[in-house]
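Participant: Mind docking chain L on chain X? Use the hints.
There are 2 protein chains.
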Amino acid sequence: MKYGIAIFPSKEVQDIANSYRKRYDPNYALIPPHVTIKERFDANESQINDIVKELRNIAKETKPFPLIIKKVSSFHPVTNTVYLKVQPVEELVELSDKLYNDKFPNERQFAFVPHITIGQDLSTDEHSDVYGSLKMHQFDIEDTIDRFQLLYQLDNGSWTVYETFKFGEG
Amino acid sequence: MKYGIAIFPSKEVQDIANSYRKRYDPNYALIPPHVTIKERFDANESQINDIVKELRNIAKETKPFPLIIKKVSSFHPVTNTVYLKVQPVEELVELSDKLYNDKFPNERQFAFVPHITIGQDLSTDEHSDVYGSLKMHQFDIEDTIDRFQLLYQLDNGSWTVYETFKFGEG
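Chains as they are written, first to last, in our numbering: chain X, 469 to 638; chain L, 469 to 638.
Among the hints, a few may not be true.
Same chains, same label: a pair holds when it works inside one copy or across any pair of copies.
Said to hold, decoys possible - With a Cα cut of at most 30 Å, we get these calculated DSSO-like pairs of lysine-lysine:
#1 K521 - K538
#2 K539 - K479
#3 K490 - K531
#4 K490 - K553
#5 K566 - K634
Just so you know, the hints here were simulated from the structure itself, not pulled from any lab data.
The model shown is predicted, which means the values in this text are computed figures rather than measured ones.
Okay, chain X solo, but in the shape it has when bound (with noise of 0.2 Å):
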């Protein structure tokens, strides 16, 4: 199966985001707003079940922290996606590092740019205009994070919670 793993903001900073994805991005309806701290990777039962461990022991020794964003960026030209850029605070970089150990399979393909996606598969006029509109726009939103999510993804794309992992437990 397909797993990946997330963190899902407060309920305000998820429906913030929705506002902007129902128009913009057609993953939309496939999960709910989310930072990904690892991208989707293939296990059997056998190795979850050893992931599963790993994660709760990275959970064990992480301690909540604040997520911060400010501001509305892209990936243009790389892909026409459009995302509130999340701070880059050091635990949750070290968090996302964590799920690179070589107890996991996959490394990582890309600098960690933590974020939450608003817009995808924009056309590049599309781009434009939404990111046009939007780089001007201040946020303040602050969060606290205490927790990340197993998933794994359906035969349609969309993907179900396996597993909450809230940190300082084990």
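Facilitator: This is chain L only, laid out in the frame that chain X set:
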């Protein structure tokens, strides 16, 4: 916030349910296929912390149990809802009963009929067609349930998992 408590069956069962839901269930995009074990309720932050503690106690004393599906059924004429009928094994019924004890808001409003919705809000003609063609179909699904999930609802009607509760863990 609005919360609900549900069981997600295995990916295989979810994929089967989605093959019908995509055509017949307008809630297809709002939540993966699931068995609701406590209907939507309101709780504030302090209440939900107490509820989470109680859910841990309940999970700790629950043992994994089978989820068995043999056939499709319908709530017609009450509502034009078609569902995979989940056999009401004792552990499942007991688990749902505990979620209506006096530590939780909301009393049970209907008898507990465990099910995975695959079609709803159908016109009477659609309902006759869909249920007519599915009611003779024999399913032979047996799955093991070892966890349940507390979810909350976003403004767009979709659901995000707040926490997973694994049986036998507290």
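Participant: Check each numbered hint from earlier against the structure, then list the numbers of those it violates in ascending order.
Facilitator: Per hint list: 1, 3 violated.
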